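Given the structure of chain A, go ahead and fit chains B and C onto it with the hints provided.
Protein chains in written order, with my numbering: chain A, 4 to 274; chain B, 328 to 621; chain C, 2 to 355.
None of the hints are false.
Cut-off 25 Å, straight-line C-alpha distance, at most; resulting in silico cross-link-like pairs (DMTMM-like, lysine to aspartate or glutamate):
1. A:93 <-> B:503
2. A:64 <-> B:503
3. B:488 <-> A:128
4. B:488 <-> A:130
5. B:593 <-> C:255
6. A:142 <-> B:501
7. B:357 <-> A:107
8. B:488 <-> A:145
9. A:64 <-> B:501
10. A:10 <-> A:200
11. A:10 <-> A:80
12. A:71 <-> B:417
Here are a few chain A residues that face chain B, going by a calculated C-beta distance under 7 Å:
13. 65
14. 87
15. 88
16. 91
17. 92
18. 105
19. 107
20. 112
21. 116
22. 119
23. 120
It is worth saying that the hints were derived from the structure and are not from the lab. The structure presented is a predicted model; accordingly, all values stated were derived computationally and were not measured. Quick reminder that beta carbons are idealized off the backbone N, C-alpha and C, glycines included.
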Amino acid sequence: MAIHVLKPLLEISNLEVVYHNVVFAVKGVSLTVARGQVVTLFGPNGAGKTSLVRAISGMLKSVDGEIKAGSLLFDGEPISALTPNQIARKGLYQIPEGGNVIKELTVRENLLLSRFCRTTMTGLDEDYALIADRFPILKTRENQLGGYLSGGEQQILSMAKALLARPQLLVLDEPTLGLAPMLVEANFLALRDLNREFGITILLIEQNARLALDIASYGYVMEGGRVVYDGSTDQLRQNREIQEFYLGLEGNEKKNFRDVKHYKRRKRWLS
Amino acid sequence: MEIFVQLLLNGVSLGMGYALAGVGFVLIYKATGVFNFSHGQLTMVGGYFFYLFQVQIGLPPWWAVPMALVSMFAVGMTVERLCLRRMVGEPVIAILMLTIGLGGFLRNMVGLIWGTQPQAPIPLFEPGFFELAGVQVPRVYGWTLLTASVTILIFILYFQKSPHGVAMRAVAFDQDKAALSGISVSRVFALSWGVASVMAGISGILMMQLMGLDLSMDSRGLSAFPAAILGGIDSIGGVILGGLVIGIVEALTGGYIDSYLGGGAKEVVGFVILLLILMVRPYGIFGTPEIRKV
Amino acid sequence: MKMEIFRNYRVSYLEDRAILPSLINFWPRCWFAAAVIALLLLPLPLEQYWVYTINFGLIAVIGALGLNLLTGYAGQISLAHASFLALGAYTTALLGRFDLPLLVVIPAAGMVAASVGCLVAGPTLRLRGLYLALATLAFYVIIDFAIRKADFLTGGAAGTHVAPPTIFGKIVQGELPFYYMTLGIAAVSVLFVKNLERSKVGRAMMAVRDSDIAAEMAGIPIFLTKLTAFGISSFMAGVAGSLLAYYLQFINPDNFGLSVSVSYVAMIIVGGLGTVIGSVLGALFIVLLPEVVRVALHAAASVFPGLNVAASGAFVEGAAYGLIIILFLMFKPEGLARFWRDILTYFRSWPFTY
Numbered sequence: 004m005a006i007h008v009l010k011p012l013l014e015i016s017n018l019e020v021v022y023h024n025v026v027f028a029v030k031g032v033s034l035t036v037a038r039g040q041v042v043t044l045f046g047p048n049g050a051g052k053t054s055l056v057r058a059i060s061g062m063l064k065s066v067d068g069e070i071k072a073g074s075l076l077f078d079g080e081p082i083s084a085l086t087p088n089q090i091a092r093k094g095l096y097q098i099p100e101g102g103n104v105i106k107e108l109t110v111r112e113n114l115l116l117s118r119f120c121r122t123t124m125t126g127l128d129e130d131y132a133l134i135a136d137r138f139p140i141l142k143t144r145e146n147q148l149g150g151y152l153s154g155g156e157q158q159i160l161s162m163a164k165a166l167l168a169r170p171q172l173l174v175l176d177e178p179t180l181g182l183a184p185m186l187v188e189a190n191f192l193a194l195r196d197l198n199r200e201f202g203i204t205i206l207l208i209e210q211n212a213r214l215a216l217d218i219a220s221y222g223y224v225m226e227g228g229r230v231v232y233d234g235s236t237d238q239l240r241q242n243r244e245i246q247e248f249y250l251g252l253e254g255n256e257k258k259n260f261r262d263v264k265h266y267k268r269r270k271r272w273l274s
Numbered sequence: 328m329e330i331f332v333q334l335l336l337n338g339v340s341l342g343m344g345y346a347l348a349g350v351g352f353v354l355i356y357k358a359t360g361v362f363n364f365s366h367g368q369l370t371m372v373g374g375y376f377f378y379l380f381q382v383q384i385g386l387p388p389w390w391a392v393p394m395a396l397v398s399m400f401a402v403g404m405t406v407e408r409l410c411l412r413r414m415v416g417e418p419v420i421a422i423l424m425l426t427i428g429l430g431g432f433l434r435n436m437v438g439l440i441w442g443t444q445p446q447a448p449i450p451l452f453e454p455g456f457f458e459l460a461g462v463q464v465p466r467v468y469g470w471t472l473l474t475a476s477v478t479i480l481i482f483i484l485y486f487q488k489s490p491h492g493v494a495m496r497a498v499a500f501d502q503d504k505a506a507l508s509g510i511s512v513s514r515v516f517a518l519s520w521g522v523a524s525v526m527a528g529i530s531g532i533l534m535m536q537l538m539g540l541d542l543s544m545d546s547r548g549l550s551a552f553p554a555a556i557l558g559g560i561d562s563i564g565g566v567i568l569g570g571l572v573i574g575i576v577e578a579l580t581g582g583y584i585d586s587y588l589g590g591g592a593k594e595v596v597g598f599v600i601l602l603l604i605l606m607v608r609p610y611g612i613f614g615t616p617e618i619r620k621v
Numbered sequence: 002m003k004m005e006i007f008r009n010y011r012v013s014y015l016e017d018r019a020i021l022p023s024l025i026n027f028w029p030r031c032w033f034a035a036a037v038i039a040l041l042l043l044p045l046p047l048e049q050y051w052v053y054t055i056n057f058g059l060i061a062v063i064g065a066l067g068l069n070l071l072t073g074y075a076g077q078i079s080l081a082h083a084s085f086l087a088l089g090a091y092t093t094a095l096l097g098r099f100d101l102p103l104l105v106v107i108p109a110a111g112m113v114a115a116s117v118g119c120l121v122a123g124p125t126l127r128l129r130g131l132y133l134a135l136a137t138l139a140f141y142v143i144i145d146f147a148i149r150k151a152d153f154l155t156g157g158a159a160g161t162h163v164a165p166p167t168i169f170g171k172i173v174q175g176e177l178p179f180y181y182m183t184l185g186i187a188a189v190s191v192l193f194v195k196n197l198e199r200s201k202v203g204r205a206m207m208a209v210r211d212s213d214i215a216a217e218m219a220g221i222p223i224f225l226t227k228l229t230a231f232g233i234s235s236f237m238a239g240v241a242g243s244l245l246a247y248y249l250q251f252i253n254p255d256n257f258g259l260s261v262s263v264s265y266v267a268m269i270i271v272g273g274l275g276t277v278i279g280s281v282l283g284a285l286f287i288v289l290l291p292e293v294v295r296v297a298l299h300a301a302a303s304v305f306p307g308l309n310v311a312a313s314g315a316f317v318e319g320a321a322y323g324l325i326i327i328l329f330l331m332f333k334p335e336g337l338a339r340f341w342r343d344i345l346t347y348f349r350s351w352p353f354t355y
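Chain A extracted, bound-state conformation (with noise of 0.2 Å):
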């Protein structure tokens, strides 16, 4: 009987990034996203998932980066090499931290940008009109300058921007930094929707890891450049680390107040 196996959209392999020739920040990093999936990665500061997350859309070289190892396949084509425009013309939209929102211009103008990334221009207007229907707040602000807007509005307008580029795979940076709980639950709702309804596939980089759990299928740990653990949400749920450092869920023993004053953690995965 054969057994096919899809092509996995986004496929990254033993990838390594180094900044400024000298600082190594990604140390040979795996993870496969496949289609339809939502994919979730989460870590400490500093791990490395910020500068993952610039090279796959090819962001490294204003920031003085390079991938010097590894290789980078969307849809089975390599594209390391690309620009990151053509990148988004390929399908890999990604909302960097902080948003996709260019403060000087307008909310109209921002969402006229969406149609550079399209490859069709045909339901376009259909599309506007499901943005100004699901999003309201977006029409209303519409001749607002993007810098006016609250940090949740300018989450949404990334992610209206997003839905307009019709991309294939969808890639956000921490989306929910910063913003006040009301908008987060409402964020993770749009983006679940997109993945539901549109069929877009997400890789969300995200901190608050128990919302991302909640819509992700499948989850990876990165720690220090490299990835520590990954399997799928239950998975994920039941490891005893990922609950106590990420989950918040510390357990029933009673701790010892000499435990709390020299912290030490217990890595069982490095091993």
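Then chains B and C, alone, in the frame of chain A:
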């Protein structure tokens, strides 16, 4: 009084010419961050191209003008692709020097091809005067003012409203995010240089009508720099205002003060204003201050 | 800016304190002695015209060292260098009327240029990069205007004669004496700048160049540093201008136009910003370049007889000049100093080079 109005009108039309050159210059600065010291030479090349098509080849103005402008567009894009593409990330002074070297190169090529004699172009606008507020004003001033204003207006509309214009502004404001949105930054750079060169070309053709065509045109174009700085080099409205101010002040100085000093003050006064502005408010009247992190 | 040009590898205190650290060892000293002898003997077998040109090159070296101090070490872009040359030259012309010897005139010319230089430092204190370049451009235009207008002092646009230099009552005239005089002053300038670059003052300038706010927070007085940089730089330009005036014997404002400022900036960029060897190599390169182009043109004219060299010669030279600057900046932005360093490294690590 009559002299004053004459000078004023001269200044206004000259100033609009500076503003036109300045707008192209600001476009390059905003979009690519490059201060193009060769803009005066580009203006001059525009004038000479027009002379080539109009007088030497003998085309009627309806053909000569577009041909000259298309050539300018090509020149601008070629310069960007060949020279400036490689200079991304180099220090400011290197890029400045490159544009200075480019200016010298352009000037010498023009001298090589056309020689040092002043050329006699066929005037575009009918000579003669018209009456305004009881003063005889040369028609050429009026036409220059009109053409320059209309061009600037078209440019502003294009820049603000059209999708390509929005893309150019996106690149000017935030290169990285624009690239992530699918905009080809290198194409925008090339387009900016092309459009700016076209505007320099128009400015050159107009200046030719006002002042004749010879090799000194590039140093007159130097006055566009104080205009741009006065208004703020990242503000298009500012450069228009700056151009008008410099043009008027130059004309008035030329008329009133030069007669006492025997000439020369006209060119200097723009730079005196430049120095004062740099001391008091370096970002110009409408410019945005640069915030530096240590 | 990459400052890899400085090889900061010292193995002894003696080496650390030395002005020319590579001369600690024996063989470099031999090479250096040979170079000195070569320099002293150089003009003897050459034709007058080439000695004439080399003299201009040496004058340019002094000026370029000054500008490199201001722009390469202290980070202040200046387009006004020609004005300081002019001030030195015109001071020389004026003082020459009073029969003062060159040992008085040359330093005086330097001082006049330096005082104006310090004036420039004031208003430009808060300006950086592009805006500073424009401010110096404005100063250039204003000083040029003043020189042309003050014809009772300067002879205006027509120019003025310069009395020949005298030392201990004897007139210095002719290519060879001039060569040795200029060589001596150039050598002193080179040693001076080399010493300055490793001193407290020099390091303060480099700190201001790299990050002036951080430098101020570390206790470096920015205003004094910039003032010193402008002052010393203009002094050297004034000296160079003075020598120029003595050499040309007749000066007018066109000798000190914007293209002169531009060519000095070209010298330090082609040579290498922030290095002494760069100033020397760049100055010689830029001064000799038109000669090389001229020779090449004449050679080409003999091959293609249709070329009208006389009329278009100046333009071809100018175009080639601009083109070479552009090419240098595109392909070798670190300049000739880098080239020199690579060659030295090759020889030092021979036979382990690849």
